[in-house]
Amino acid sequence: MARFAAVRAGSAALTLLVMTAVTFVVLQVLPGNPALLILGMGADPSAVARVNAALGLNQPLPVRYGLWLWGALHGNLGTSLQFGQPVTALLLQRLPLTMALAVLAASLALLIALPLGLLAAVRRGGLIDVLSVALAQIAAAIPAFWLGIIVLLAFAVRRHWFPAGSFPGWSHPLAAVAALVLPAVALGAGRAAVLTRLLRQSVSEAMRQDFVRTARSKGVSPRRILWRHALRAAAIAPLTVFGLQVGELLAGSIVIESVFSLPGLGRLVLYAISTRDLPTLEGCVLLIATLVMLANFAVDLLYAVLDPRIRSAG
Amino acid sequence: MSRVTAPLLIGGALAAAVVAAAVAGTALPPGAALAMHIPHRLLPPGPGHPFGTDQFGRDQLTRILVGAQASLEVALVATAVGLLAGVPLGAAAAMGGRRWDEVLMRLTDGMYAFPALLLALMVVTALGPGLAHTALAIGIVSAPPFARLTRARLLELRPLEYVEAARASGLGPWQVLLRHLLPGAYGALAVQASANMGGAILVEAALSYLGLGVQPPQPSWGGMLNDAQGFFLTSPWLALFPGLAITVAVLGFNLLGDGLSDLLEPRTRG
Amino acid sequence: MLAVAALTLTACGGSAATAPGSTAASASASATSPASSTAASATSTGTAAGARVLNVAIAGDPIGFDPYLTAAANTVAITWNIYDQLVTVDAQGNLKPDLATSWSLSPDGRTLTFHLRSGVRFQDGHTLTSADVKASFQRMLNPATKDPDASDYKVITAIDTPNASTVVMHLASYDAALLSDLALPFAAIEPAGVNPSTLKSKPDGTGPYELASYTPGQDVVLKANPYYWQPGLPHIPTVDLKIVPDPSTQIADLLAGSIDLLPGLSGEQASQLKGQSGVKISQAPSGNIQIMAINNARKPFNDVRVRQALSLAINRQAVVQGAWFGYATPVGTFLPPNSPYYVAQPTPYDPAQARKLLAEAGYPNGFASTIDLPSLYPVHVQTGQIIAAELAKIGVQLKLNEVEWATWLSQDYAKRDYNLTVISHTGRLDPDTLLVRFTSTYPYDYENYSNPTYNRLIAEGRATADVAKRKQIYAQAQKILATDVPAVFLDVSDNVAAMLPSVSGWQWLPLAVDQLAQVQMR
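Chains as they are written, first to last, in this note's numbering: chain A, 1 to 314; chain B, 1 to 270; chain C, 1 to 522.
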């Protein structure tokens, strides 16, 4: 177990290193002059040159990456070129919104997927099964940003049930959550579809397994079998997928935050790309990659904990 | 038990419809999708323009048909790139011994764990926007699943009797791989390829919506949705049809993948 | 149009302002009826109970709050309300007193004396003196500050402060543009004795509003400056400038009532809001000139006949309707019609003549080229698409390259690596600020246009005090631009603002700033 965790952690660290290095290089090959972007079109060329020098853009690439890495290891991600604020502060400001959006979307997905997936598995071939399978297929095919536009049109523009965007800030918790409902629906629908399919499959597989059959032959009621055995068995597969979904949710937030003008991590990524704000983009990539790795890592550990019991039972 | 199922039929039909739309698009006079007619801008769906017109008075139906080409081209190229990069990687991992396997699989695991859209976004940012670059970017992020799949199938097949027999008969490792092992993975790869087409269309739409994918004036469904958002008050239908087109195309390839899986890989299905 | 456009609108033209002496009367079509009640304000979020908050949508984050550190429009549109200058402008572009109550120019044109208003206090509480003014210009002109606009003020060689209320500027030479440059937001008067490095995040001015908070990506909150020197202003105690990059979200927010005021609408947005009940529109001509820039150094564009052909083949009305939805006026020169120095130049649409000129230049069948379109500005992308369709009719096939703003700035603008591109330039108050862009000595003469006569005229114009004489000079310069076609001048767009009926007092200034002090709410 310890060795497993160590190997996993090592490979996660390696991946982070590769990703941040790639990001660094990517922004180098991009044409773009951050100083001109900061100063504006009329800027005196001498001021542009001086700002570029002040930003440290005149040092060679490996030196700058080394310096950045050294800082990152000490919790210093540098200063945003555009905002002039520490990148860590920016990230901490943006993270709660994106996390809240992801959690809301994931909860929504679970709320839909749990009953649908279970019912479909229990009554395989029944009406609910056919309907939920069809629905899941369609929901998985709908682009999240399009769903976002549609719900925005329907529930924010036609009916003023929810705000159309522009986050009110966490000092207004109710308004803040209200602003996240439509984005969460857009982001969660596709996740719900994937989860439904997976639950349906893993529960029906579990119900065919020996220990469930044994229980049934002992006269345990089908309902209890479902709750006690099948569900526990079924928890594992969605759990692994949920680990992967963290990445999908974070990536999805890039587009969804754009549709709804939400100041989260996703929009910060796009902003940093378009303004060539390398420190900010590096910070975002590092944070998103770390979150995904942590989620996968946690799922791996949970899986390793849960797995032996089930394997021995099956 | 392999069988032809409803997903195969429905998916096949939908995918065929998308291909037909793209072909119909090529049959239109060149420039039909670009022809501006500003006095006829933002017309609602009606006679002459079944899907209405956009802000330049361009016919939406024409643009959706021509847009199918962009989606299909990107998806096909991306899937081909994914196959060409992923299959050799997976084969190398499976055949190259433990050390190679560790390194390659950790690498693909790492990429796999990283959100595909973000990775594609970075690649497109580096290469610059446009159809070819979008296809390449999506192809790169498509490679890890193909690599994983190839490796898993090869490891499954290697201990099988017929492979052992081939090896015993004196065939070299390359010949065994190409003649006996890889053909055993074709079915699974076909299934993954079809699913990947659907996924690629989704990512392309998202990139084009963000303005980083297919560039104007070439019509793309994601780009059309981007344009449509500016006119949601007066012309909401502009946002309807491109989104439906994406959904139909993705649904088609996803179902086709499921159907192919039923047909070619029945034992992997529940 | 989309969220990548969430970028700082680092103004085309590098800066704010508009036309020289522009007559930006707030020609509000429907801003008249003060009767109807405010239905929407109840739904507005972020309003503390009882407090009056004006919610305004802005498109992007400011790049700090120090007007000496950036020319970004997103910054100066806000700092205009935090800082004052020595002089300011009215809606017609006339200079009027601000922190200086009066000023005088010596007969030789090389000494400018200002008398300061008494009793003015900074937001930190200290009283304005001539020392603050001197320190401001010293900091601005110090190369270490890296002020992008410092070169506009470089004729100031020294500043004397004979007493606390008098400022004497010594000038290297007479500069016709200086006084109006002193009315720009870049000439804000900052406090002396404050560590200037704090001003980027904690501005301290004498203006009607002070910065209460800034949450990047979310909002900028301004509150009324208790020490403000103009009695009765500002009207509204708190202004919440919400950062809403997506144009369609801006509109939806306005209609839902969570935004009261939406300055800076595109023609596309304005066309959507036109006719919506419960929304007032205020429009005035801007000083924003959209051009198709031409790389004059490259073949075939080094041939004046080719450039003339391009100008003849573009139907400006198609651009005005197609890209601006009618919220623009065609022009044929590089000054806006509301400038007193504007001389109308003909803009005939004549594809036949264009073909003839191309044939004479050796391109009877046209040619192929590329046009770069900055994707940050949807209107330029749309204009580019219309231009491509227009030029295809005379055989000029353009490939459209959408480029990111950062790329455009470095590649097209700084390195001059392009064939054709579409962009807007915004004039400041003086005509020189626009016309100087086509002199070959201008650092960003990215059109690579070089005409010694034109250079000489512009230099003369800047040194000429007599307005009538200056007008003659600039008339000649505009004639040269119209015949040489260093760029195809397309149109001047309108400034458009939309607001709820409860909002009144909005007025467009001939500068790209949001003047909030006079705005009122019922």
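It is worth saying that the hints were derived from the structure and are not from the lab.
Nothing here was measured: the structure is a model prediction, and the numbers come from that model.
Hints may be right or wrong, so weigh each one.
Cut-off 20 Å, straight-line C-alpha distance, at most; resulting in silico cross-link-like pairs (EDC-like, lysine to aspartate or glutamate) [what the hints assert, rightly or not]: (1) C:154 <-> A:44; (2) C:415 <-> A:205; (3) C:134 <-> C:160; (4) C:415 <-> C:460.
- Return the numbers of the hints above that this structure violates; sort them in rising order. As far as the earlier hints go, 2, 4 are violated by this structure, in ascending order.
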